[in-house]
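**Q** Below are the chains, spelled out letter by letter.
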Amino acid sequence: MPLVDAELRRLAEQRPAQEKPGQTLQATALMHDAFIRLVDVEKVQQWNSRGHFFAAAARAMRRILVERARRKHRLRHGGGLHRIDLDSLLQDSSAADGNLLVLDEALERLATEVPEADEVVKLRYFAGLTIEETTMTLNLSVRTANRHWAYARAWLYQQLN
Amino acid sequence: MPNESLNVRSIFDRALEITSDAERAAYLDEVCARAPEIQQQVDALLTAHVVAGSVLDAILRALSHSQSDRRES
Chain B
1 MPLVDAELRR LAEQRPAQEK PGQTLQATAL MHDAFIRLVD VEKVQQWNSR
51 GHFFAAAARA MRRILVERAR RKHRLRHGGG LHRIDLDSLL QDSSAADGNL
101 LVLDEALERL ATEVPEADEV VKLRYFAGLT IEETTMTLNL SVRTANRHWA
151 YARAWLYQQL N
Chain V
1 MPNESLNVRS IFDRALEITS DAERAAYLDE VCARAPEIQQ QVDALLTAHV
51 VAGSVLDAIL RALSHSQSDR RES
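As they're listed, the protein sequences go chains B and V.
Going by this note's numbering, the first sequence opens with residue 1, and the numbers climb by one from there.
Going by this note's numbering, the second sequence opens with residue 1, and the numbers climb by one from there.
In case anyone wonders, no lab produced these hints; they're calculated from the structure.
Here a beta-carbon is modelled for each residue, glycine too, at the ideal position from N, C-alpha and C.
So, partial list: chain B residues that the calculated Cβ filter (under 8 Å) puts toward chain V:
| id | residue |
| --- | --- |
| 1 | R147 |
| 2 | A150 |
| 3 | Y157 |
| 4 | Q158 |
Per label pair, the in silico range of CB-to-CB distance:
| id | chain 1 | residue 1 | chain 2 | residue 2 | range |
| --- | --- | --- | --- | --- | --- |
| 5 | V | A26 | B | R63 | 42 to 50 Å |
| 6 | B | E132 | V | A22 | 31 to 39 Å |
| 7 | V | T19 | B | T144 | 13 to 21 Å |
Pulled from the structure, derived: some chain V residues nowhere near chain B, Cβ distances all over 10 Å:
| id | residue |
| --- | --- |
| 8 | D21 |
| 9 | A26 |
| 10 | A33 |
Isolated chain B, as found in the complex:
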């Protein structure tokens, strides 16, 4: 898997650079978990394009984030989703897990209703790609990618409120 390995390492190295120093460990650990998941399958995966690979990597990372959030949320609140509380979001990071679960449900609906915008969101939020990298991966123009990005975020925000 030399290609996959190199791509993941590149992703893992560039992501922390955009974030605060304390998050480096977390981002690298997430990449590692995602990598294990991508390669830990019975049959050999066939990546037929960069887009295919990044989409799979983004899916794996999102699943890991959601599973972690779900586990922690269950421990803390005894399960059950609630509406996002924006005030607590800004003050209390522990609200984030419940919020991610609500966001995950909204993303499921986005994937069904606006699949082309959903692809952009997955790559930007969950694989940490820049808009330029996203356009190359999905073979879109910058204008189209930006349009999908703007629409998807506004759409998601509405769903969360």
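Following the hints, complete the assembly by docking chain V onto the known chain B.
**A** Here is chain V on its own, set in the frame of chain B:
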């Protein structure tokens, strides 16, 4: 319904490309003159657009903070 949401989407896309507030309002008035319900949906999306980025970013940022907190504790 699919036609209507497509319409909302294309009006939203176009409206975002208009930088002048006055021109955008004029465009929306014109294109939605006979469809107040579509104008309402587009307005809601445009309002969401203004705050959407920071809120969605905050969710994921807060999430990664809480994960690194856990890792350190």
